[in-house]
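Enquirer: Turn these sequences into a full structure, and let the hints steer you where they fit.
Chain residues, written in single-letter form:
2 protein chains.
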Amino acid sequence: MFDAVTSEDPRVIRTRKDVLAAAMNILISDGWGAVTHARVAKQSGYSRATIYAHWPRPLDLISDAFGQFQEIPHYEKSGDPKTDLRGEVMSFSRAMVEHRLDRVLASLVEHAQTTPEVVEIRQSFVVAGEAPMRETLLSLASGSEREAVVLMLCGMVSHSVLMHGKPPSKAAVNSAVDIVLRGLSKG
Amino acid sequence: MFDAVTSEDPRVIRTRKDVLAAAMNILISDGWGAVTHARVAKQSGYSRATIYAHWPRPLDLISDAFGQFQEIPHYEKSGDPKTDLRGEVMSFSRAMVEHRLDRVLASLVEHAQTTPEVVEIRQSFVVAGEAPMRETLLSLASGSEREAVVLMLCGMVSHSVLMHGKPPSKAAVNSAVDIVLRGLSKG
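These protein sequence lines are chains A and B, in that order.
Numbering-wise, the working numbering puts 370 at position 61 of the first sequence, and it's gapless, one number per residue.
Numbering-wise, the working numbering puts 378 at position 69 of the second sequence, and it's gapless, one number per residue.
Same chains, same label: a pair holds when it works inside one copy or across any pair of copies.
In silico lysine-lysine, DSBU-like type, Cα no more than 35 Å apart, as pairs:
1. Lys326 - Lys351
2. Lys386 - Lys479
3. Lys386 - Lys326
4. Lys475 - Lys386
In case anyone wonders, no lab produced these hints; they're calculated from the structure.
In this text the structure is predicted, and so the values were computed from the model without any measurement.
Expert: Set out below in structure tokens:
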């Protein structure tokens, strides 16, 4: 879409990375409305003209910043379903708190209610976030059971963090995975 | 807190009800920022002076409007755990869509990130919403298992609606309840 996306010039790549990191940091610390060209220019050290040229609207900055957001730590699978499901739930849970994914998701959720373009950003982001858990579940469940487990295990984290303001306890996560593995019809 | 809260004068009760219903309707249709004294006065038909006198800040209007929000349809328990858990999850899910509880919760979640007073409003609202499910689970699970099931079953709805923009399918809800009932250690 923008020159910067496909250019292999290292300076362009660095500019893009710096600008989008600044945009995401502003969103996390001060909210969606604070992501303005002036603020991103000041925080990233690039000129407003440069930023306007590549990202005409604040929403363009936010959209690309989400595409580049790589803060979610990747959980290394062990191959054991119980270990991996627990690891993936805890990894999502820690990202919510340590990387302020709670703020990021809260902003996405709120703005998706009123801005159709944000629905697409949210969808890509959520699909990428759920992918490791769906992969682990491939051999354990199918159809509506797999769907149920993805929604329950991701949902226990997002519900706890967004609705109760705190991550689920380790004991609750362990119980949830035990219930799921015992309860699956193939298990 | 306000005279209107304890007064038994039917006119005062009606004013309070009308004003808070108007505030909630504005929040649902146009978002948190649209809940201003001018807008609530226009929509409810009461004077701005009356509204200012009882609710000095927009946040006072929003806080009391949440306290009065009764749109969540009450599920009538049958006594059968499977029927009741499915009924409660589906009831929460329908409220998300039909009564725009998704918008209400998205606003609460976003504003709780930056406004400490909103954390209390969110907490009261969420605790009240989870109460029927916790009650059904009293005889089925305890400790971290009960906590896990509440978070998973409420979470599958809030995650699906807020993150994916659609309620969970009936098949996924049924599978989730089946998995939970088979997987509970007492079950």
